[in-house]
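Colleague: As a plain string of letters, each chain reads:
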Amino acid sequence: MRIEKKTETVLEGSEAVAHAVRACKPDVISSYPISPQTHIVERLASMIANGQLSSQYVLVDAEFSAASVLAGASAAGGRAYTASTSQGLLLMTEVIYACAGMRMPFVITGANRAISAPISIQPDHQDAMSLRDSGIVQIYVESCQEAYDTHIAAFKIAEDPAISLPVMVCMDGWILTHSYERVELLEDSVVESFLPPFQPVHFLDVDHPKSWGPIADEDLYMEFRYAIHDAMEQGKGRIKEIFSELAALTGRDYGGLIEAYRTEGADVVLISMGSMSGTVKDAIDDLRAEGKPVGLVKLRCYRPFPHEEIYEAVKNAKVVAVLDSNISMSSEGAVGMDLKAKFYGRPNCPRIIDVIAGLGGKVINKKAVFEIARRAADMADGNGSSDESFFWLDLNRSVL
Amino acid sequence: MKITVGAVVEGATALNYKTGSWRDQRPVIDESLCKNCGICEMVCPDSAVHEVNESLEIDYDYCKGCGLCARECIAKAITMVFEVK
Numbered sequence: 001m002r003i004e005k006k007t008e009t010v011l012e013g014s015e016a017v018a019h020a021v022r023a024c025k026p027d028v029i030s031s032y033p034i035s036p037q038t039h040i041v042e043r044l045a046s047m048i049a050n051g052q053l054s055s056q057y058v059l060v061d062a063e064f065s066a067a068s069v070l071a072g073a074s075a076a077g078g079r080a081y082t083a084s085t086s087q088g089l090l091l092m093t094e095v096i097y098a099c100a101g102m103r104m105p106f107v108i109t110g111a112n113r114a115i116s117a118p119i120s121i122q123p124d125h126q127d128a129m130s131l132r133d134s135g136i137v138q139i140y141v142e143s144c145q146e147a148y149d150t151h152i153a154a155f156k157i158a159e160d161p162a163i164s165l166p167v168m169v170c171m172d173g174w175i176l177t178h179s180y181e182r183v184e185l186l187e188d189s190v191v192e193s194f195l196p197p198f199q200p201v202h203f204l205d206v207d208h209p210k211s212w213g214p215i216a217d218e219d220l221y222m223e224f225r226y227a228i229h230d231a232m233e234q235g236k237g238r239i240k241e242i243f244s245e246l247a248a249l250t251g252r253d254y255g256g257l258i259e260a261y262r263t264e265g266a267d268v269v270l271i272s273m274g275s276m277s278g279t280v281k282d283a284i285d286d287l288r289a290e291g292k293p294v295g296l297v298k299l300r301c302y303r304p305f306p307h308e309e310i311y312e313a314v315k316n317a318k319v320v321a322v323l324d325s326n327i328s329m330s331s332e333g334a335v336g337m338d339l340k341a342k343f344y345g346r347p348n349c350p351r352i353i354d355v356i357a358g359l360g361g362k363v364i365n366k367k368a369v370f371e372i373a374r375r376a377a378d379m380a381d382g383n384g385s386s387d388e389s390f391f392w393l394d395l396n397r398s399v400l
Numbered sequence: 401m402k403i404t405v406g407a408v409v410e411g412a413t414a415l416n417y418k419t420g421s422w423r424d425q426r427p428v429i430d431e432s433l434c435k436n437c438g439i440c441e442m443v444c445p446d447s448a449v450h451e452v453n454e455s456l457e458i459d460y461d462y463c464k465g466c467g468l469c470a471r472e473c474i475a476k477a478i479t480m481v482f483e484v485k
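Sequence lines, in order, name chains A and B.
Taking the numbering used here, the leading residue of the first sequence gets 1, the next gets one more, and so forth.
Taking the numbering used here, the leading residue of the second sequence gets 401, the next gets one more, and so forth.
Be careful, since some hints might not be right.
To be verified - Straight line, CA to CA, 20 Å or less: simulated SDA-like cross-link-like pairs of lysine to any residue:
#1 B/Lys-402 <-> A/Glu-223
#2 A/Lys-210 <-> B/Val-405
#3 B/Lys-402 <-> A/Phe-224
#4 A/Lys-340 <-> B/Lys-418
#5 B/Lys-402 <-> A/Asp-230
#6 B/Lys-485 <-> A/Arg-346
#7 B/Lys-402 <-> A/Lys-240
#8 B/Lys-402 <-> A/Gly-213
#9 B/Lys-464 <-> A/His-229
#10 A/Lys-236 <-> B/Val-405
#11 A/Lys-210 <-> B/Tyr-417
#12 B/Lys-418 <-> A/Glu-218
#13 B/Lys-402 <-> A/Lys-236
#14 B/Lys-402 <-> A/Ser-211
#15 B/Lys-402 <-> A/Val-201
#16 A/Lys-315 <-> B/Val-408
#17 A/Lys-315 <-> B/Lys-402
#18 B/Lys-402 <-> A/Met-222
#19 A/Lys-25 <-> B/Val-408
#20 B/Lys-464 <-> A/Ala-162
#21 B/Lys-402 <-> A/Glu-218
#22 B/Lys-418 <-> A/Ile-215
#23 A/Lys-210 <-> B/Lys-464
#24 A/Lys-210 <-> B/Ala-412
#25 A/Lys-366 <-> B/Ser-447
#26 B/Lys-402 <-> A/Arg-225
#27 A/Lys-210 <-> B/Val-409
#28 A/Lys-210 <-> B/Ser-447
#29 B/Lys-464 <-> A/Ile-215
#30 B/Lys-402 <-> A/Ala-216
#31 B/Lys-418 <-> A/Arg-225
#32 A/Lys-210 <-> B/Thr-413
#33 B/Lys-418 <-> A/Lys-236
Said to hold, decoys possible - Listed below are several chain B residues computed to face chain A (Cβ distance under 10 Å; list not exhaustive):
#34 Val-405
#35 Ala-414
#36 Thr-419
#37 Gly-420
Claimed, not checked - Here are the computed distance ranges between Cβ atoms for each label pair:
#38 A/Glu-218 <-> B/Gln-425: 22 to 30 Å
#39 B/Ala-412 <-> A/Asp-230: 22 to 30 Å
#40 A/Ser-244 <-> B/Ser-447: 50 to 58 Å
Note that these hints are calculated values from the structure, not bench results.
Just so we're clear, the structure is a prediction, and the values are computed from it rather than from any experiment.
The beta-carbon is built from N, C-alpha and C at its ideal position, and this holds for glycine as well.
All chains should be built: construct the whole structure from the sequences, respecting the hints.
Modeller: Below, the structure is given as structure tokens:
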């Protein structure tokens with residue numbers, strides 16, 4: 001049923017997220033402000049002070065504690081939330097690995113920002129990639145509205161008994177957290193009907209004491225780790241269903257694990273995550289108007305990794321060019337590596353170019369997208385000099 | 401037996417792991433020097449020192465042989481002895 005009654009407003013991305021989190025009524029919010037995430041937890045603090053939200057709001061001494069508070073709250077059977085970015089996410093890393101292992105379904109906003117050194121507060125995806133292997137679900141959003149909707153879905157995904165994992169909604173710092181866009185808010189009653197109260201699989205109970213994540217020796221450790229991998233793999237279907245359920249309520253369908261944009265008949269398909277996807281779509285519209293068969297796969301769900309969905313969307317293309325806003329030093333970007341690993345040896349596999357782009361906020365504008373599409377088209381036609389399957393975009397080599 | 405979601409198990413299952421087998425030195429209490437002050441019991445990170453019949457005993461099933469008790473004993477009543485077979 002489509003909800004006709006809507007509240008339309010213009011909101012800063014951070015505030016839209018705060019509204020989504022408020023509607024989901026977390027029992028506990030831990031807070032350690034760090035740019036560009038600060039406005040989210042500030043706004044949530046205001047909501048609590050104004051009586052609009054009754055969460056326990058825990059100010060902590062650092063992000064290690066912010067994540068640890070989520071662990072405690074989650075083990076106690078509570079719905080828990082925090083937001084962080086950059087160095088903060090790095091400091092949380094040890095705790096997040098443990099929480100994913102203990103299958104704790106809380107939600108984090110990752111306001112994506114570059115990693116030091118040198119210090120940069122500008123957006124890229126390196127911070128989230130530090131948590132890539134932890135077992136946290138990662139969903140990337142393109143707009144403030146998508147950020148709002150996805151946070152509401154995120155709690156339901158995290159708390160689904162078959163998944164029961166932490167979820168991080170990744171939104172590019174500044175570009176989304178600090179830009180104002182038209183956002184439609186859902187009525188609280190709609191969110192309540194979509195998101196039932198959290199029913200924890202296990203919870204701390206003094207009358208029935210339990211241990212979380214105690215020692216597992218070589219006879220069981222690998223099986224526990226496999227169970228996390230399997231929950232992610234099996235969870236893909238459930239994540240798609242949850243996105244569809246929400247889309248039916250909002251009328252906004254972002255396409256499930258991926259969004260295939262103008263991929264029909266495309267020789268070249270670009271792959272992107274996050275806010276850059278809007279620019280890429282705009283550039284693709286221009287290229288299509290010139291008759292150039294270029295499309296986009298916007299990767300929404302990065303972990304679990306929807307390689308089957310991507311393959312279906314790109315299998316008829318000649319070249320896939322990935323815009324990776326992160327780098328594993330001396331290797332390639334995370335998405336490019338994933339694709340090459342998962343596509344290797346498959347029939348009808350397009351060639352894959354991995355492009356390192358936008359680190360530390362280096363602008364990815366339409367000109368940059370045209371350049372990537374041109375190099376990919378050269379490779380597709382086999383008549384250009386551009387046969388590199390990996391390159392850094394827009395490097396200023398004069399300073400090197 | 402099936403593994404549980406999130407490795408959440410009944411409490412006190414660590415008792416099943418006899419971690420004393422990791423030890424390469426064992427603390428030995430000299431009863432003639434021991435003042436029964438209980439500092440060893442307090443500092444033991446494995447809760448492997450217990451008061452039994454008003455004297456202190458080490459539970460070698462769980463003592464990993466870290467030597468904290470010997471180091472902290474004010475009466476110097478605890479000696480670390482290498483495990484040899």
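Colleague: State for each hint whether it applies.
Modeller: To see whether the hints hold, each was checked on the structure:
1. Of the supplied pair hints, the one linking B/Lys-402 and A/Glu-223 holds, its CA atoms being roughly 10 Å apart against a limit of 20 Å.
2. The hinted pair formed by A/Lys-210 and B/Val-405 meets the criterion: a straight-line CA distance of about 13 Å does not exceed 20 Å.
3. With a C-alpha separation of about 10 Å, the suggested pairing of B/Lys-402 with A/Phe-224 holds against the 20 Å cut-off.
4. Between the alpha carbons of A/Lys-340 and B/Lys-418 the distance comes to roughly 46 Å, so the proposed pair goes past 20 Å and is violated.
5. Between the alpha carbons of B/Lys-402 and A/Asp-230 the distance comes to roughly 15 Å, so the proposed pair stays at or under 20 Å and holds.
6. Under the criterion of a C-alpha separation no larger than 20 Å, the hint pairing B/Lys-485 with A/Arg-346 is inconsistent with the structure, at around 58 Å.
7. About 28 Å separates the Cα atoms of B/Lys-402 and A/Lys-240, which puts this hinted pair outside 20 Å; it is violated.
8. Proximity of B/Lys-402 to A/Gly-213 is assessed by CA-CA distance (about 15 Å); at most 20 Å being required, the pair is judged to hold.
9. Restraint check for B/Lys-464 and A/His-229: the C-alpha separation of about 34 Å exceeds 20 Å, so the hint is violated.
10. Note on A/Lys-236 and B/Val-405: the hinted pairing holds, with a Cα-Cα distance of about 18 Å set against a maximum of 20 Å.
11. Proximity of A/Lys-210 to B/Tyr-417 is assessed by CA-CA distance (about 16 Å); at most 20 Å being required, the pair is judged to hold.
12. Simply put, B/Lys-418 and A/Glu-218 have alpha-carbon atoms about 15 Å apart, close enough for the 20 Å limit, and the pair holds.
13. Using a Cα cut-off of 20 Å, the hinted pair B/Lys-402 and A/Lys-236 is violated, with the two alpha carbons roughly 23 Å apart.
14. The suggested pairing of B/Lys-402 with A/Ser-211 holds, with an alpha-carbon distance near 16 Å, which does not exceed 20 Å.
15. For the hint linking B/Lys-402 to A/Val-201, the alpha-carbon distance of about 15 Å falls within 20 Å, and the restraint holds.
16. A distance of roughly 42 Å separates the Cα atoms of A/Lys-315 and B/Val-408; the hinted pair therefore is violated under the 20 Å criterion.
17. The suggested pairing of A/Lys-315 with B/Lys-402 is violated, with an alpha-carbon distance near 40 Å, which exceeds 20 Å.
18. A C-alpha spacing of about 14 Å is found between B/Lys-402 and A/Met-222, which places the hinted pair at or below 20 Å, so the restraint holds.
19. This hinted pair does not check out: A/Lys-25 and B/Val-408 have alpha carbons roughly 26 Å apart, beyond 20 Å.
20. For the hint linking B/Lys-464 to A/Ala-162, the alpha-carbon distance of about 39 Å lies beyond 20 Å, and the restraint is violated.
21. Restraint check for B/Lys-402 and A/Glu-218: the C-alpha separation of about 16 Å stays at or below 20 Å, so the hint holds.
22. With a C-alpha separation of about 12 Å, the suggested pairing of B/Lys-418 with A/Ile-215 holds against the 20 Å cut-off.
23. Restraint check: the Cα-Cα separation between A/Lys-210 and B/Lys-464 comes to about 24 Å, which exceeds 20 Å; the hinted pair is violated.
24. For the hint linking A/Lys-210 to B/Ala-412, the alpha-carbon distance of about 8 Å falls within 20 Å, and the restraint holds.
25. Between the alpha carbons of A/Lys-366 and B/Ser-447 the distance comes to roughly 64 Å, so the proposed pair goes past 20 Å and is violated.
26. Taken as a hint, the B/Lys-402 and A/Arg-225 pair is honoured in the structure, with Cα atoms around 14 Å apart against an allowance of 20 Å.
27. Note on A/Lys-210 and B/Val-409: the hinted pairing holds, with a Cα-Cα distance of about 6 Å set against a maximum of 20 Å.
28. A threshold of 20 Å between alpha carbons decides the hint, and for A/Lys-210 with B/Ser-447 the separation of about 19 Å falls inside it, so the pair holds.
29. A hinted pair counts as satisfied when its Cα atoms are at most 20 Å apart, and B/Lys-464 with A/Ile-215 qualifies at roughly 16 Å.
30. Restraint check for B/Lys-402 and A/Ala-216: the C-alpha separation of about 13 Å stays at or below 20 Å, so the hint holds.
31. Simply put, B/Lys-418 and A/Arg-225 have alpha-carbon atoms about 24 Å apart, too far for the 20 Å limit, and the pair is violated.
32. For a cut-off of 20 Å, the pair hint linking A/Lys-210 to B/Thr-413 stands: about 9 Å separates their Cα positions.
33. Between B/Lys-418 and A/Lys-236 the alpha-carbon distance is near 41 Å, which puts this suggested pair outside the 20 Å criterion.
34. For B/Val-405, the suggested interface contact is upheld, since its CB lies about 5 Å from the closest CB of chain A, less than 10 Å.
35. Of the supplied interface hints, the one on B/Ala-414 holds, with its beta-carbon coming within about 6 Å of a beta-carbon of chain A, less than 10 Å.
36. Because the beta carbon of B/Thr-419 sits about 9 Å from the nearest beta carbon in chain A, less than 10 Å, this interface hint is met.
37. For the restraint placing B/Gly-420 at the interface with chain A, the shortest Cβ-Cβ distance is roughly 15 Å, beyond the 10 Å limit, so the hint is violated.
38. In this structure, A/Glu-218 and B/Gln-425 meet the distance hint of 22 to 30 Å, their C-beta atoms being roughly 25 Å apart.
39. Checking the proposed 22 to 30 Å range against B/Ala-412 and A/Asp-230 shows it holds: the Cβ atoms sit about 29 Å from each other.
40. The hinted window of 50 to 58 Å between A/Ser-244 and B/Ser-447 holds, with their beta carbons roughly 52 Å apart.
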